[in-house]
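Starting from the known structure of chain A, fit chains B, C and D onto it as the hints suggest.
Residue numbers (the numbering used here), protein chains in the order written: chain A, 1 to 320; chain B, 1 to 320; chain C, 1 to 320; chain D, 1 to 320.
Bear in mind the hints are in silico, worked out from the structure with no lab data behind them.
Only a predicted model underlies this, so the values are computations on that prediction, with no experimental measurement involved.
Mixed in with the good hints, there may be bad ones.
The list treats identical chains as one, so a pair stands whether inside a single copy or across any two.
[As the list claims (entries may be wrong)] Computed cross-link-like contacts, BS3-like style, restricted to lysine-lysine with a CA-CA straight-line distance of at most 30 Å:
id, residue 1, residue 2
1, Lys2, Lys173
2, Lys198, Lys115
3, Lys91, Lys280
4, Lys84, Lys230
5, Lys84, Lys214
6, Lys313, Lys198
There are 4 protein chains.
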Amino acid sequence: MKTIGIVTSGGDAPGMNAAIRAVTRIAAYNGMSVIGFERGWEGLISGLVRPLNARSVSGIINMGGTILHTTRCPHIQTSEGRAKAAACLAKHKVDGLVVIGGDGSFRAARALGEKIDTLMVGVPATIDNDVYGTDETIGFDTAVDTAIGMVDKIRDTAISHERMFIVEVMGRKRGFLASMVGLTVGAEIILVPEVPFKEQRLFDIIRANESMGKRSAIIIAAEGIGDTRKLALDIEENTGLETRLSVLGYAQRGGSPTARSRYLASEFGSKAVELLSDDKGGLITTLREGRVMSFSLEESVRTEKPLDPAILKLAEILAT
Amino acid sequence: MKTIGIVTSGGDAPGMNAAIRAVTRIAAYNGMSVIGFERGWEGLISGLVRPLNARSVSGIINMGGTILHTTRCPHIQTSEGRAKAAACLAKHKVDGLVVIGGDGSFRAARALGEKIDTLMVGVPATIDNDVYGTDETIGFDTAVDTAIGMVDKIRDTAISHERMFIVEVMGRKRGFLASMVGLTVGAEIILVPEVPFKEQRLFDIIRANESMGKRSAIIIAAEGIGDTRKLALDIEENTGLETRLSVLGYAQRGGSPTARSRYLASEFGSKAVELLSDDKGGLITTLREGRVMSFSLEESVRTEKPLDPAILKLAEILAT
Amino acid sequence: MKTIGIVTSGGDAPGMNAAIRAVTRIAAYNGMSVIGFERGWEGLISGLVRPLNARSVSGIINMGGTILHTTRCPHIQTSEGRAKAAACLAKHKVDGLVVIGGDGSFRAARALGEKIDTLMVGVPATIDNDVYGTDETIGFDTAVDTAIGMVDKIRDTAISHERMFIVEVMGRKRGFLASMVGLTVGAEIILVPEVPFKEQRLFDIIRANESMGKRSAIIIAAEGIGDTRKLALDIEENTGLETRLSVLGYAQRGGSPTARSRYLASEFGSKAVELLSDDKGGLITTLREGRVMSFSLEESVRTEKPLDPAILKLAEILAT
Amino acid sequence: MKTIGIVTSGGDAPGMNAAIRAVTRIAAYNGMSVIGFERGWEGLISGLVRPLNARSVSGIINMGGTILHTTRCPHIQTSEGRAKAAACLAKHKVDGLVVIGGDGSFRAARALGEKIDTLMVGVPATIDNDVYGTDETIGFDTAVDTAIGMVDKIRDTAISHERMFIVEVMGRKRGFLASMVGLTVGAEIILVPEVPFKEQRLFDIIRANESMGKRSAIIIAAEGIGDTRKLALDIEENTGLETRLSVLGYAQRGGSPTARSRYLASEFGSKAVELLSDDKGGLITTLREGRVMSFSLEESVRTEKPLDPAILKLAEILAT
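Looking at chain A on its own, in the form it has when it is part of the complex (with noise of 0.2 Å):
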């Protein structure tokens, strides 16, 4: 291993810097050349790249984004597009690629390594959390600490103003985030794309705390339950008290990575340049039973990750 390639691709993540200067620096301090790779798939089809090392990631541990710059890019999703990042590999003597990012990334990561030699290492990073074969992803922790911050100030008006709130949080497919934000707000009601729900469910628990004093209520939602707009209306109609929304929105993405996002960060991106070192690809890093670990690449992209139910129940009965 001589070669290691770096790549930040699809939504950024707090922690994304924190896993490049890790990566960069572990390599560096085992004797390997670093080349990162610019604007996510698009850098290696384009050939956008930067030579890193020691001091170029300096004073980045603590910022939010990427300094490589990310999109998503459905080129890397056909024939043409691999055969351009191949050979940008194979042109810049990349041995190992560190593919920093989620789901979408990883699968792309995947098929694009299945005719090449270099090996690919996924690093888990985004707010979504909704990577299979880890517990959790470089970004998620911070992403759920900005929101929880918002969600408090919110409130405060919840409670002067004595109104509902629906308070839409980052989640188009899954409920990762809303429910960590949901459990540690102390919010009355959590709703998320995998657990189905009915409006009058929600319009009996809003009577229920209101018959019993309580006339504010945080109702966290993953973006993916559907139009939260038109729910506020049916509450408002339905139980005739005061209904806002708030979306929160990108806002969550961004901001100085939590110490956990820096510290899974550095532990990631450590493990990732062991594992290229020991010629090792086809693997992610993971957080599992507590410990950083690898787990396959292939299973991760194709497992879909379950939400723990218990969170939620739990989350409800603290919540009465």
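Below, chains B, C and D without anything else, positioned relative to chain A:
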């Protein structure tokens, strides 16, 4: 002046609690009694009173929202509502009423004050900063800081993805918040209700930026400028650049007040009691020429506060 | 199990309130009564009790400190103190006591539990993370995040002035906090009580950094490593580089808990009630292998938790 | 006015970068060249120059510290040092020099400006707020907000443990920071260098508070008031109440500037260029009577800024 009443009305603003604390403690220090009315004007109409003393406002200086709760109460705009409120003030022998809120609250206070002996003093507290006669309102500084904290995070994502972002901040009618946020995050473009704009000009600026190598930009838009969702689509269509919308929403209203909001609340609260002690009413507390003073309530509600165009001009030059 | 008691003891930690809330609500959900003892063990000795129910723990999940207050209470270490505490538990018919605190609190719980029927369950909550049997304690994550927020600010000044900074973090005996803070701020050097160091080696590292053009550095030191004031002077004298000391102090203990601290508090609180419901005592709740479990109280207090040297090694490589 | 120089000098303050950005962009907008001098006055003496343009100050508005670095440089106080600095300004044809810093920096600017043609304009930037002629300096608001954030956390611990806390904030000679922090955290006692105090009076206040049931208190002390460590011991000994000391330290200096610090930096930077464009020197930019203006540099450095005793009086009443 023996008994002072306090009401918080309209949208909540960070620092309202610090103002309640200041009014209560200064009044108590001067030997007066203090009565809080709950849920804004509704509290005066329905007689929801809570006696306040130095101890009951302990530990609230750093809390967002208002412990007295608030509502928007159309009832106070009727003569019947005002009659009930007047009766309530008479019943509790309230000599002076401190109204903590914004423009709408002061309008109600003026109307109510016309026919009764209770003196009215307004304490400007609104994140919109749209009260004529004062350079700043309680809560404005906090809302700006909260908003720039979120925009700084969004900037991480904007740069990483090399995207345009429209960030919608509060302000249905006025652009005070938008212009200050825009200036202090270094927004490329600021849109406020007071200044009409042509979409074509936006496209030109964005393309000029792009030709200089700026691949991402932040557009700060007050909610009152129109349909920001449509604007994002139009920009994407006309410039070919990915454009996202983020609506900051209610998180801008809450949270622990900044030092400046707490300071202003303490000074305004103190001034309000001083005015009432001197048997002066029909006034609001103000910050003008860097000093805490008073100003005619009548003139304040009758006049629209102008937006300083110099800030927009400065922001435009600084964003080049 | 009809009545559960709760006591928070030792140094306060962010998330204690979230744990009180969880124990109370889970217990109430299961039909049990809950009694809070105030001011740590003193509350059991002096009979300072406060009945708790689902409503009385409302709105505290995001509050730092502990609503039950806490003290360091040497009296509980005497047989007389324990006798009084036992009598108090008997008087209030407390079947199970949840002790929220650290190592010292658990030691007292074990001693107290030996002679009485009340079952003891410990919930680890301390920013020091020094409880054997659990990978993490409530409050640790928050303290790390608070500390790195402060160090990130100090880094601004360190770089602007091109200075060395020693930042002393809490930890009289153990280096868990220092090592995690050091890793996640990218500290050039980390000093912990568990690993003896020679000043000469520090000087060498600092000079080596300087020769590579690094004119500023952050040294994270646990308070237990000795006289940091002297160390700063020694570094300045031996390297000729301006060196400043910053002691982070008590701000590390307080503040709104992070999502992770709230999560852990919710899970541990729930687990504690589950154990007591099953008539199990003499246990602590733990996070091990990524799961919430229980562990012998006896073994926990008898064993010193080892510091993982791999984190220090990783931090050292990543700081190069 | 063709070429403007910028130097940041003395202790760093949040917002210095925003000021560098404003000066550079306003100057560039008006067709001038800009040169930055690095490491404060040392840069003028040793010729450490860095050309600045609109692009080189991109992305710094929200960064703490100063990209130009700063030092305390006694050399500029010698005639030899000033001769070298004058020669450097002449060599680079600097018509106007913007000095971003505090009192000491302005003193040096005045001395340097006496013998040369380069016009001097001071931009007040110091967390101490101790510059005569301006109501506020860049960085002051941020330092106050950072400090109150830390004190709010310490308050959690103070209340939980029912303890006294002395919190030492920056301010070797002046109490502007301490008095504003004290007022806005609701400190029970504020100690500043400008107002001598008797320990006995402190003990009396603390005992009076205790007799009213207040078991915890926050004392905000400027570092210039003397030995806070001894004071803590004296209070503990004389009142019998546990008393802790927390020195906030260098974290007060760094961090992303608040909106207000960024606003002031933008306005001051703009004003500085405007003054130089009008061939005006020997001035500082100021905020007076709520407006951005200029003020005599000579008079500013010759006069000590008075501390407003009304703030301390207000804080005292509000803390009862």
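>> To test your reading of the hints: which numbers does this structure violate?
In response: 1, 2, 4
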